[in-house]
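Could you put the whole structure together from the sequences, leaning on the hints where they help?
Chains as they are written, first to last, in the working numbering: chain L, 1 to 112; chain X, 1001 to 1112.
Treat the hints as calculated values from the structure; they're not laboratory data.
Among the hints, erroneous ones may be present.
Claimed, not checked - Below, a list of computed lysine-lysine pairs in the BS3-like style, where the Cα atoms sit at most 30 Å apart:
| # | chain 1 | residue 1 | chain 2 | residue 2 |
| --- | --- | --- | --- | --- |
| 1 | X | K1070 | X | K1104 |
| 2 | X | K1070 | L | K13 |
| 3 | X | K1051 | X | K1099 |
| 4 | X | K1104 | X | K1051 |
| 5 | X | K1099 | X | K1070 |
| 6 | L | K13 | X | K1051 |
Here are the chains, one letter per residue:
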Amino acid sequence: ETGVTQSPTHLIKTRGQQVTLRCSSQSGHNTVSWYQQALGQGPQFIFQYYREEENGRGNFPPRFSGLQFPNYSSELNVNALELDDSALYLCASSADRNYGYTFGSGTRLTVV
Amino acid sequence: GQQLNQSPQSMFIQEGEDVSMNCTSSSIFNTWLWYKQDPGEGPVLLIALYKAGELTSNGRLTAQFGITRKDSFLNISASIPSDVGIYFCAGFPGGGSEKLVFGKGTKLTVNP
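Here's what the structure looks like:
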């Protein structure tokens, strides 16, 4: 059974640019969530997708958007990048909305 | 609000010692999860708790879901050097929320 894979592993972007991060869910998982983890902090919930529909959102502005595809892979898009967007972005998948999530290793985004 | 207060923030122990950390909240949580995160990796699920009062073990790890549904603890017995890492409690708040809330983590250092 494959786990959750994320790409790229590291990324450097300039303030104002746009970025797309990708996630491949664990086989059989229909729910994917994205989290932002700043240095020294716990992960913060961005949003969740269940069967290709957004199923909940945390306190993040609309320039954070996402997609889930029929094969349950997912994208996180961030527009108009700000310096404070620098963080580890984690994707997590689950077989159901309230089960323990399996996390990927994350994408380390640095905005300069 | 839906915040998790995790303590202690950090622990320095000798190999072979037992460890205890806990998480509390002012509001009810329906599910409690304990994760471990190593540097450069995503969190790995250690134990999931789904019912108030539930006591669950995973090898040297034991965790309990508090009766009030507002707290949980994690114990590690006979610590070993590979237990080093950051431990996070996390939970799904009541009301069917899909948002997994994380504590700020407990950083564990084990001296051989």
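Right, here's what the structure says about each hint:
no.	hint	in the structure
1	X:K1070 / X:K1104	16 Å, holds
2	X:K1070 / L:K13	41 Å, violated
3	X:K1051 / X:K1099	18 Å, holds
4	X:K1104 / X:K1051	23 Å, holds
5	X:K1099 / X:K1070	16 Å, holds
6	L:K13 / X:K1051	44 Å, violated
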